[in-house]
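Participant: Per my numbering, the sequence shown starts with residue 92, numbered consecutively.
Derived by calculation from the structure, the hints in this document are not laboratory data. These numbers were taken from a predicted model, which means no experiment stands behind them. A couple of the hints might just be wrong.
Restricting the straight-line Cα-Cα distance to at most 27 Å, the calculated cross-link-like pairs of lysine-lysine (DSS-like) are [what the hints assert, rightly or not]:
| hint | residue 1 | residue 2 |
| --- | --- | --- |
| 1 | K212 | K222 |
| 2 | K268 | K244 |
| 3 | K120 | K130 |
| 4 | K194 | K219 |
| 5 | K131 | K120 |
| 6 | K268 | K252 |
| 7 | K123 | K267 |
| 8 | K131 | K267 |
| 9 | K172 | K190 |
| 10 | K267 | K244 |
| 11 | K131 | K222 |
| 12 | K222 | K123 |
| 13 | K252 | K172 |
| 14 | K222 | K267 |
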Amino acid sequence: TPTSAKTPRFAPTYEEIEHQAIYNCHRKKPSKVNREIIKKIISVEKQYNVPPSLRGMLLAAACSESGYNPMALGDWRTKVKRGKKVRVANAVGLFQMWKWWEKSYKIDRRSITPATEAYMKHITLQLKRIKCKWRSPHRRWVASWVTAIRAPKEGGRCHEKPLHLRTLRRWHRAIKKNNYRSNCGC
(Lines of atoms letter the chains of each structure in order from A; the text may use other names.)
(Lines give C-alpha, C1' and ligand atoms only; values in the text may rest on other atoms or scores of the structure.)
Protein backbone atom coordinates (compact mmCIF):
# COMPACT_ATOMS: atom_id res chain seq x y z
CA THR A 92 0.00 0.00 0.00
CA PRO A 93 1.26 3.49 -0.74
CA THR A 94 2.29 5.60 2.22
CA SER A 95 -0.02 8.43 3.08
CA ALA A 96 0.72 11.79 4.61
CA LYS A 97 -0.59 10.44 7.89
CA THR A 98 1.93 7.60 8.07
CA PRO A 99 4.07 8.23 11.15
CA ARG A 100 7.73 8.92 10.55
CA PHE A 101 10.42 6.67 11.95
CA ALA A 102 10.99 7.47 15.63
CA PRO A 103 14.25 6.28 17.20
CA THR A 104 14.71 6.06 20.95
CA TYR A 105 17.00 8.40 22.83
CA GLU A 106 19.27 5.44 23.64
CA GLU A 107 19.73 4.82 19.91
CA ILE A 108 20.34 8.52 19.30
CA GLU A 109 22.89 8.61 22.11
CA HIS A 110 24.79 5.72 20.49
CA GLN A 111 24.81 7.51 17.12
CA ALA A 112 25.93 10.77 18.73
CA ILE A 113 28.89 9.02 20.32
CA TYR A 114 29.95 6.81 17.41
CA ASN A 115 28.90 8.81 14.34
CA CYS A 116 29.83 12.41 15.03
CA HIS A 117 32.12 13.29 12.14
CA ARG A 118 33.90 15.93 14.24
CA LYS A 119 34.81 13.77 17.22
CA LYS A 120 36.41 10.36 17.78
CA PRO A 121 34.20 8.12 19.96
CA SER A 122 36.97 7.74 22.53
CA LYS A 123 37.09 11.53 22.97
CA VAL A 124 33.33 12.10 23.40
CA ASN A 125 32.29 13.23 26.87
CA ARG A 126 29.21 11.09 27.51
CA GLU A 127 28.02 13.32 30.34
CA ILE A 128 27.62 16.19 27.86
CA ILE A 129 25.57 13.90 25.60
CA LYS A 130 23.32 12.94 28.54
CA LYS A 131 22.82 16.58 29.56
CA ILE A 132 21.84 17.59 26.04
CA ILE A 133 19.36 14.70 25.80
CA SER A 134 17.80 15.57 29.16
CA VAL A 135 17.16 19.14 27.99
CA GLU A 136 15.70 18.02 24.67
CA LYS A 137 13.31 15.61 26.39
CA GLN A 138 11.74 18.54 28.27
CA TYR A 139 10.62 20.27 25.07
CA ASN A 140 8.37 17.67 23.46
CA VAL A 141 10.35 17.51 20.22
CA PRO A 142 8.57 15.47 17.51
CA PRO A 143 9.88 11.87 17.55
CA SER A 144 11.10 12.27 13.96
CA LEU A 145 13.49 15.00 15.15
CA ARG A 146 14.83 13.31 18.26
CA GLY A 147 18.49 14.14 18.57
CA MET A 148 18.25 17.56 16.92
CA LEU A 149 20.28 19.19 19.69
CA LEU A 150 22.96 16.51 19.54
CA ALA A 151 23.19 16.84 15.76
CA ALA A 152 23.63 20.61 16.12
CA ALA A 153 26.25 20.25 18.87
CA CYS A 154 28.11 17.59 16.86
CA SER A 155 28.15 19.72 13.71
CA GLU A 156 28.98 23.00 15.40
CA SER A 157 31.57 22.06 18.00
CA GLY A 158 32.08 18.29 18.23
CA TYR A 159 30.43 18.55 21.69
CA ASN A 160 33.12 20.94 22.90
CA PRO A 161 31.65 23.62 25.20
CA MET A 162 34.89 25.61 24.87
CA ALA A 163 34.90 25.64 21.05
CA LEU A 164 35.58 28.93 19.30
CA GLY A 165 34.60 29.84 15.75
CA ASP A 166 33.47 32.45 13.23
CA TRP A 167 36.74 34.31 13.59
CA ARG A 168 37.22 37.97 12.77
CA THR A 169 40.28 40.19 12.87
CA LYS A 170 40.30 43.09 15.28
CA VAL A 171 42.96 45.77 15.70
CA LYS A 172 43.99 46.08 19.33
CA ARG A 173 46.79 48.45 20.35
CA GLY A 174 48.04 48.61 16.79
CA LYS A 175 48.18 44.81 16.37
CA LYS A 176 45.82 42.55 14.49
CA VAL A 177 44.19 40.02 16.80
CA ARG A 178 41.90 37.15 15.90
CA VAL A 179 38.70 37.15 17.93
CA ALA A 180 36.04 34.44 17.99
CA ASN A 181 32.47 35.59 17.48
CA ALA A 182 30.94 32.16 18.13
CA VAL A 183 31.51 30.24 21.35
CA GLY A 184 30.40 26.95 22.89
CA LEU A 185 28.49 23.81 21.95
CA PHE A 186 26.16 25.57 19.53
CA GLN A 187 28.59 28.30 18.42
CA MET A 188 26.47 31.07 19.91
CA TRP A 189 27.22 34.73 19.32
CA LYS A 190 27.44 37.37 22.04
CA TRP A 191 23.77 38.37 21.77
CA TRP A 192 22.78 34.97 23.27
CA GLU A 193 24.41 35.95 26.57
CA LYS A 194 22.48 39.20 26.68
CA SER A 195 19.13 37.84 25.52
CA TYR A 196 19.09 34.63 27.55
CA LYS A 197 21.41 35.66 30.40
CA ILE A 198 23.66 32.62 29.97
CA ASP A 199 27.32 31.75 29.74
CA ARG A 200 27.76 30.37 26.20
CA ARG A 201 30.30 27.85 27.54
CA SER A 202 27.88 26.43 30.11
CA ILE A 203 26.38 23.19 28.81
CA THR A 204 22.88 23.07 30.30
CA PRO A 205 22.06 26.81 30.19
CA ALA A 206 23.30 27.10 26.59
CA THR A 207 21.33 24.02 25.56
CA GLU A 208 18.18 25.32 27.25
CA ALA A 209 18.60 28.73 25.60
CA TYR A 210 19.04 27.07 22.19
CA MET A 211 15.82 25.06 22.67
CA LYS A 212 13.90 28.05 24.04
CA HIS A 213 14.92 30.04 20.99
CA ILE A 214 13.68 27.31 18.65
CA THR A 215 10.36 26.98 20.50
CA LEU A 216 9.91 30.77 20.40
CA GLN A 217 10.20 30.57 16.62
CA LEU A 218 7.42 27.95 16.57
CA LYS A 219 5.02 30.70 17.65
CA ARG A 220 6.43 33.30 15.26
CA ILE A 221 6.84 31.47 11.97
CA LYS A 222 4.15 32.03 9.40
CA CYS A 223 4.72 28.80 7.48
CA LYS A 224 1.64 26.96 6.31
CA TRP A 225 2.99 23.58 7.37
CA ARG A 226 0.61 21.61 9.51
CA SER A 227 2.79 18.67 10.44
CA PRO A 228 4.76 19.14 13.66
CA HIS A 229 7.90 17.83 11.91
CA ARG A 230 7.83 20.52 9.20
CA ARG A 231 6.96 23.30 11.67
CA TRP A 232 9.85 22.31 13.94
CA VAL A 233 12.30 22.18 11.01
CA ALA A 234 11.19 25.66 9.90
CA SER A 235 11.53 26.92 13.48
CA TRP A 236 14.96 25.35 13.84
CA VAL A 237 16.34 26.98 10.70
CA THR A 238 14.71 30.30 11.57
CA ALA A 239 16.28 30.19 15.04
CA ILE A 240 19.84 29.63 13.86
CA ARG A 241 20.00 31.94 10.85
CA ALA A 242 19.66 35.67 10.41
CA PRO A 243 16.15 37.02 9.85
CA LYS A 244 15.00 36.98 6.24
CA GLU A 245 12.10 38.78 4.65
CA GLY A 246 9.49 36.19 3.75
CA GLY A 247 10.84 33.75 6.36
CA ARG A 248 12.74 30.51 5.96
CA CYS A 249 9.84 28.08 5.55
CA HIS A 250 11.40 26.18 2.65
CA GLU A 251 14.90 25.91 4.14
CA LYS A 252 16.49 23.27 6.33
CA PRO A 253 19.34 23.57 8.83
CA LEU A 254 22.54 21.81 7.79
CA HIS A 255 22.45 19.93 11.10
CA LEU A 256 19.41 18.08 9.78
CA ARG A 257 21.74 16.13 7.44
CA THR A 258 23.62 14.75 10.42
CA LEU A 259 20.37 13.89 12.19
CA ARG A 260 18.97 12.12 9.12
CA ARG A 261 22.20 10.15 8.72
CA TRP A 262 21.87 8.97 12.32
CA HIS A 263 18.20 8.07 11.88
CA ARG A 264 18.98 6.09 8.70
CA ALA A 265 21.73 4.17 10.51
CA ILE A 266 19.37 3.36 13.39
CA LYS A 267 16.61 2.27 11.02
CA LYS A 268 19.05 0.08 9.08
CA ASN A 269 20.33 -1.53 12.30
CA ASN A 270 16.76 -2.13 13.53
CA TYR A 271 15.82 -3.77 10.24
CA ARG A 272 18.80 -6.10 10.43
CA SER A 273 18.15 -7.02 14.06
CA ASN A 274 14.41 -7.59 13.45
CA CYS A 275 14.73 -9.60 10.24
CA GLY A 276 17.21 -12.14 11.61
CA CYS A 277 19.75 -11.32 8.88
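Participant: Each hint: holds or not?
Facilitator: Here is what the structure says about each hint:
Between K212 and K222 the alpha-carbon distance is near 18 Å, which keeps this suggested pair within the 27 Å criterion. Of the supplied pair hints, the one linking K268 and K244 is violated, its CA atoms being roughly 37 Å apart against a limit of 27 Å. Annotation: proposed proximity of K120 to K130 holds, straight-line Cα distance about 17 Å (limit 27 Å). Straight-line distance between C-alpha atoms of K194 and K219 comes to about 21 Å, which keeps the hinted pair within the 27 Å bound.
This hinted pair checks out: K131 and K120 have alpha carbons roughly 19 Å apart, not beyond 27 Å. Between K268 and K252 the CA atoms are separated by roughly 23 Å; this keeps the pair inside 27 Å, and the hint holds. Of the pairs offered as hints, the one joining K123 and K267 holds, with about 25 Å between alpha carbons and a cut-off of 27 Å not exceeded. At most 27 Å may separate the alpha-carbon atoms for a hinted pair to count; K131 and K267 meet this at roughly 24 Å.
Of the pairs offered as hints, the one joining K172 and K190 holds, with about 19 Å between alpha carbons and a cut-off of 27 Å not exceeded. For the given pair, K267 sits about 35 Å from K244 by alpha-carbon distance, which is inconsistent with the 27 Å threshold. Under the criterion of a C-alpha separation no larger than 27 Å, the hint pairing K131 with K222 is inconsistent with the structure, at around 32 Å. Only pairs whose Cα atoms come within 27 Å are accepted, and K222 paired with K123 is rejected, the gap being roughly 41 Å.
Distance restraint check for K252 and K172: the Cα-Cα separation of roughly 38 Å exceeds the 27 Å cut-off, and the hinted pair is therefore not satisfied. At roughly 32 Å between alpha-carbon atoms, K222 and K267 are farther apart than 27 Å, so this suggested pair is violated.
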